[in-house]
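Chains as they are written, first to last, in this note's numbering: chain A, 32 to 144; chain B, 110 to 218.
Hint data in this document are derived by calculation from the structure and do not stem from the laboratory. Heads up, some of the hints might be wrong.
[Stated by the list, open to error] Chain B is faced by these chain A residues, among others (derived, beta-carbon under 7 angstroms):
#1 62
#2 70
#3 72
#4 73
#5 74
#6 128
#7 132
#8 135
#9 137
#10 141
The C-beta atom is built at its ideal place from N, Cα and C for all residues, glycine as well.
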Amino acid sequence: NAGVTQTPKFQVLKTGQSMTLQCAQDMNHEYMSWYRQDPGMGLRLIHYSVGAGITDQGEVPNGYNVSRSTTEDFPLRLLSAAPSQTSVYFCASSYSGQHPEAFFGQGTRLTVV
Amino acid sequence: GQSLEQPSEVTAVEGAIVQINCTYQTSGFYGLSWYQQHDGGAPTFLSYNALDGLEETGRFSSFLSRSDSYGYLLLQELQMKDSASYFCAVMGGAGKSTFGDGTTLTVKP
Numbered sequence: 032n033a034g035v036t037q038t039p040k041f042q043v044l045k046t047g048q049s050m051t052l053q054c055a056q057d058m059n060h061e062y063m064s065w066y067r068q069d070p071g072m073g074l075r076l077i078h079y080s081v082g083a084g085i086t087d088q089g090e091v092p093n094g095y096n097v098s099r100s101t102t103e104d105f106p107l108r109l110l111s112a113a114p115s116q117t118s119v120y121f122c123a124s125s126y127s128g129q130h131p132e133a134f135f136g137q138g139t140r141l142t143v144v
Numbered sequence: 110g111q112s113l114e115q116p117s118e119v120t121a122v123e124g125a126i127v128q129i130n131c132t133y134q135t136s137g138f139y140g141l142s143w144y145q146q147h148d149g150g151a152p153t154f155l156s157y158n159a160l161d162g163l164e165e166t167g168r169f170s171s172f173l174s175r176s177d178s179y180g181y182l183l184l185q186e187l188q189m190k191d192s193a194s195y196f197c198a199v200m201g202g203a204g205k206s207t208f209g210d211g212t213t214l215t216v217k218p
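Input sequences plus hints: build the corresponding full structure.
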């Protein structure tokens, strides 16, 4: 049972480039979310999804897009990378929006130069 | 919106008991969660309180007082491997969670 898998683990982008961070879960969870974590800080919610075809914005959505075409996958797209998006990105899933236990992927460490 | 406050650092010795407090201000509240994160790793779920009182899971316990907008995580019989960051998180509407900035626990021999 792989849980939540994120790829890539590390990425360096130039300012203005776009890319997609991949997230997949094999637990048949309805709820998936993306967070960013800056040094010494907690996790801030970027976007979330309560099921396939349904997404919504979190606390810090600007500069990011998401889609949820399947239950398993929840990719995060950076439209035009900026140095302020240098961070560690975590994808998480839980059984439902009302279920408190979230399972996190190992993170993607993104540097924008 | 939501805001949470927790101490930035706590230090304790092996075998001791430590309490990490969390106060919150929120416009919608379903419960308070606690997560552990080792340096460079993924957060892992520890406990959740939806109602007032104490929840016990092995060496870890979590407490909630909804009237005081306050909770704490209690770690007993501290071990070196407990050195990590601990985050409280408020679960609000639509399953959205807001995290505190974390408390770094250092366990010394």
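Taking the hints in turn, this is what the structure says about them:
{"no.": "1", "hint": "62", "result": "5 angstroms, holds"}
{"no.": "2", "hint": "70", "result": "11 angstroms, violated"}
{"no.": "3", "hint": "72", "result": "5 angstroms, holds"}
{"no.": "4", "hint": "73", "result": "4 angstroms, holds"}
{"no.": "5", "hint": "74", "result": "4 angstroms, holds"}
{"no.": "6", "hint": "128", "result": "3 angstroms, holds"}
{"no.": "7", "hint": "132", "result": "5 angstroms, holds"}
{"no.": "8", "hint": "135", "result": "4 angstroms, holds"}
{"no.": "9", "hint": "137", "result": "5 angstroms, holds"}
{"no.": "10", "hint": "141", "result": "14 angstroms, violated"}
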